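Student: Residue numbers (this note's numbering), protein chains in the order written: chain P, 1 to 114; chain D, 1 to 115.
Be aware that a few hints might be false.
What the hints assert, rightly or not - Cβ pair distances, simulated, as ranges: (1) D:Gln3 / P:Arg110: 43 to 53 Å; (2) P:Lys57 / D:Gln14: 39 to 49 Å; (3) P:Arg110 / D:Gln14: 15 to 25 Å; (4) P:Pro39 / D:Asp1: 45 to 55 Å; (5) P:Ser18 / D:Glu58: 41 to 51 Å; (6) P:Pro95 / D:Thr26: 27 to 37 Å; (7) D:Thr45 / P:Leu22: 17 to 27 Å; (8) P:Gly97 / D:Asn57: 16 to 26 Å; (9) D:Ser96 / P:Pro95: 13 to 23 Å; (10) P:Pro95 / D:Gln81: 40 to 50 Å; (11) P:Glu52 / D:Glu15: 45 to 55 Å; (12) D:Thr112 / P:Arg110: 21 to 31 Å.
Hints listed in this document are in silico derivations from the structure and should not be mistaken for laboratory results. Source: prediction; values computed, not measured. Ideal Cβ positions, reconstructed from N, Cα and C, are used throughout, including at glycine.
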Amino acid sequence: NAGVTQTPKFRVLKTGQSMTLLCAQDMNHEYMYWYRQDPGMGLRLIHYSVGEGTTAKGEVPDGYNVSRLKKQNFLLGLESAAPSQTSVYFCASRPTGQGTYEQYFGPGTRLTVT
Amino acid sequence: DQQVKQNSPSLSVQEGRISILNCDYTNSMFDYFLWYKKYPAEGPTFLISISSIKDKNEDGRFTVFLNKSAKHLSLHIVPSQPGDSAVYFCAASDLSNFGNEKLTFGTGTRLTIIP
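Can you make the complete structure from the sequences, with help from the hints?
Tutor: So this is what it looks like as structure tokens:
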């Protein structure tokens with residue numbers, strides 16, 4: 001049981017390039033989330049999904065797109081990377097059901113945009 | 001507007017003593033609170049949570065206290081151990097937003113346990 005995995009672990013992009021971050025979970029969780037963590041800012045929600053085929057905007061969605069074609073995968077895309085998107089990106093998932101509000105996080109992807 | 005605040009960026013505590021981490025929130029709709037622990041180069045891991053219907057929840061060395069009138073919660077770790085050195089994030093959720101429950105995180109407190 002790998003939990004939540006993220007690919008890649010590190011990436012350096014030039015301004016204007018595009019990339020996709022992959023999040024996969026093997027816990028059959030319905031809910032999945034993408035966050036970014038910046039120094040002094042905590043974790044901020046980018047986009048989330050409450051089930052396969054659904055996505056919704058979080059606190060800081062601009063410049064990102066997401067897709068949830070399969071229940072176990074949640075993709076985060078940057079169409080035209082900007083230096084302001086230099087950050088550590090975390091994916092998380094959680095099951096549905098009352099009393100199960102904890103989110104399980106992946107190890108993170110460190111992205112640098114030059 | 002920071003709805004969840006952790007005003008102490010860092011805290012140092014002697015091994016064996018009590019560590020107290022604080023968190024304040026401004027949104028009165030928040031009714032569920034969590035603490036996460038994060039080591040460098042790893043994702044946050046869930047530590048303990050509390051519902052607004054309680055004022056205390058305990059799990060081993062970790063206890064979370066909630067003061068709703070003051071919109072304040074704290075995490076107590078006793079006794080503190082070197083492995084507790086990490087960044088601790090407070091998070092809050094509004095469970096009335098059923099089906100769209102999201103977590104709002106604080107900025108974190110770096111706890112260092114001194115041997």
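Student: Kindly indicate which numbered hints from before are broken by the structure, ordering the numbers from low to high.
Tutor: The structure conflicts with hints 1, 3, 4, 10, although it agrees with all the remaining ones.
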